[in-house]
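S.K.: For the record, the sequence lines run as chains A, B, C and D. Using this note's numbering, the first residue of the first sequence is number 510, and each one after it goes up by one. Using this note's numbering, the first residue of the second sequence is number 8, and each one after it goes up by one. Using this note's numbering, the first residue of the third sequence is number 80, and each one after it goes up by one. Using this note's numbering, the first residue of the fourth sequence is number 666, and each one after it goes up by one.
All the pointers check out, no bait thrown in.
Pairs of lysine to any residue residues, derived as SDA-like cross-links and limited to a Cα-Cα distance of at most 25 Å, are as follows: (1) B:K145 <-> B:Q102; (2) D:K820 <-> A:L580; (3) B:K144 <-> B:Y126; (4) B:K19 <-> D:R718; (5) D:K746 <-> D:I768; (6) D:K746 <-> D:V704; (7) B:K19 <-> D:V955; (8) B:K59 <-> B:L140; (9) B:K19 <-> D:W963; (10) B:K19 <-> D:Q724; (11) C:K168 <-> A:A659; (12) B:K26 <-> D:R726; (13) C:K168 <-> A:I661; (14) D:K982 <-> D:I997; (15) B:K19 <-> D:R970; (16) A:K639 <-> D:A845; (17) C:K168 <-> A:F537; (18) D:K982 <-> A:L662; (19) D:K750 <-> D:T761; (20) D:K820 <-> D:D897; (21) A:K639 <-> C:I147; (22) D:K746 <-> D:I906.
Simulated from the structure, these hints should not be mistaken for laboratory data. This structure is a prediction, so every number in the text was calculated from the model and none was measured.
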Amino acid sequence: MGVDIAFWVLAIVGIAAAIAVVSLRNVFHTALMLILCLLSVAGIYVTLSADFLAAVQILIYVGGISILIILAIMLTREVQHGSLSNKLRIPVFIVAAVFLGVLIFAMVNSPWQISSLPPVEPTTPALAGKLLGEGGFILAIEAAGVLLLASILGAIVLVREK
Amino acid sequence: MKFERYGLGIAKGLSVTLKHMFRHPTVAQYPEQKLNTSRRIRGNELVWDRQKCTGCGTCAKTCPQGVIKIVTSTNRVNNRYEVEKYQVDTGYCIQCGLCVESCPYQTLFMGYAYERAKYRRGELVQNMEDMMLESGKKQPSGYFYPEIAQELPRQTLLVERITEEE
Amino acid sequence: MSVSLEHYLVLSAVLFTVGLFGALTKRNAIVILMCVEIMLNAVNIAMVAFSRFITPELLTGQVFAIFIMVVAAAEAAVGLAIIISIFRKRDTIETTDINLMKG
Amino acid sequence: MIITSPSVNSLLNPQTLAADWPGGFWWHWVLFTIIVIAVVIVMVMGYIYMARRQIGRMQSRVGPNRTGPFGLLQPIADVLKVLLKEGITPTNVDKTVYWLAPIVGLFPVFSIFAVMPFTNGGMLANLNVGILYVVAISSISTVGMFMAGWSSSNKFSLISAMRVVAAVVSYEIPVLLSIAGVLLLSGSLSMNDIVLAQDIPFILLQPLGFIVFFIAGLAEISRSPFDLLEADSEIVAGFHIEYSGIKFALFYLVEYGEAFLLSCLISTLFLGGWRGPWLPEWMWFIAKGVLVWFVMVWLWATLPRVRIDQMMALAWKFLLPLALINLVVTAIQVLTLPEGSLWVMIPVNFVITAVLILLWSKNSKLGWGRVEV
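Given these sequences and hints, build the entire structure.
M.R.: Spelled out as structure tokens, the structure:
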């Protein structure tokens, strides 16, 4: 019961915040709404009993990415211009609506094989075993590390003043 | 081997502040404890010796602010001026001390008191009764009068309080 | 009605579509980046929901969500760096004005 | 509502909860939430009093001593004064953001204390991801500060907000890396388990990690000497220039609440939390926190404020490499040392710390080589 209420509240808040992101004109308000949306996604993770992922979501998205986005907004002085739409507004809306309809139709009508097993609790050691243990994703982790290093170096090179 | 570059400066600073913490505080708790002011302080009031005053009005003439008001009448019996009214608006007084220095009969002194804050500007006007030496309430300062200065207590400084403790 | 897999999937689809709409229609490059973040998050919700409801003992979905977060962080860093350097060169980040390569 | 959900309840680890600790009833949660908030507010008042008295004595003054015995009621007088002031809303502010900013700043500070172990298991929620939760939630309060700085439509507050963001983004990394060293030793993310793992306080096993965490923590909560976001001589008052009345009081509470939070975190992570002989557990916890606060105020009274470029240089050139080396060294030690011989780490780590700090401080100059640390 509690999970149901939490899900509905978080889902409505998340979708409302996402719609605000695409419809508000003030870029700073947009960034704040993005933070609200990301926080509600973290709450959704909690209802899915992925506690580690929820904490990581807040840490990376709220503490890192949205702060970076706000910093970029300040550095580019685009707050006054506002976030306007281009000419494709109506066709894109139709396409998106059709896409959403198809997605929902496919999702609702697919015969999902729901497992009745309880979720793994706690998830942190299980995730660690999955990521770093035998037969895990250690190669992918190494690749992710290289990707992060490359992106940091790339970002520094891009914004560096001559 | 010098350690100046290795964070020793921070340690030195920390030790200084820690030493200060266990030292006696060097401030005076003002309304209860008061320091002795300078013996030659120009307090913001005037003290006036009525007996010696001849009512010549030199003080009023020298005052650059023109805040001294003196009204005299002639006393035919003793053949001298009688001071009817003598008042100073200390709100405009700049404590230059020229009146004190110019008085030919040494009847005017700077006051020794410094706590004369008032709620109304009008209350800052010092009347004759308020500045008389004879009333005994007013202590003249040693400004321009070394013999008075010698009788006053020595000035106390906060610096002395520090050296006392160490 | 108890919350089931379909609810999470529909939520994920709605978020994804909203993000898609924003990414295609917005003119401000930073807002487009934000919409891309929303889309990545929508995908993450679907991943974790599959992991919770279909294979709750495996956690592979959560592992993939973590990798998507890593990629999103890298993408945000590089994307914002590109936007800032474009802003320095051309003094605007309106995507309609950045049309040097257009024939 | 979230609390009563079975899924979240199962996140709590029932084994480490004390027998008399409430678990199931919703009014227990409400009651103990109120108690935790009250403790935080009372401790914040105590910290304000302690800071003012201690700084006074360190500057050869007395400090507030008029209100109540020894001036003990001074924080209450301060609070009353601030609350009774007029709340001014300037004309050009972004109203919604301006009003929401203090709340967004305050909410994370209180919610972090839910996982703070005041006694053995004496916490509102023993989360499995405790320390991760702390680090994650504390980053939200930065958003509140940035909202305040931006919405005030004041240049000074905006500069201050940019400094907050720059400081938090840079110092988050050394904080996380030094926490990772602790986590390698404790083997758990739960705050209570970290305390339980400290048969030897981690400050002895992780001296370098402690120093990095302390400095970076000071910078994150912008305490002196890193208080350049409210450098009164340059940018007047920081991000809360335009705030007055009760909204200013909330920011004041955030500032000192974060100080209490940092001292509690250091007490939990490095000083052994509630562990200690004779005294009751909660008293040990508070005493260690107060000791940390004493050191923080001591630094506050001693060190001059750093410049923004010095602050960035300290984060990236000094703290980050040291934290990385500390992490690697700790990992090697945990893997190679046999079980039960942790005490070997103490002298080794102290030597490593001394050597590394000597090596690195030789390279890092502040102020064109004139003032060097």
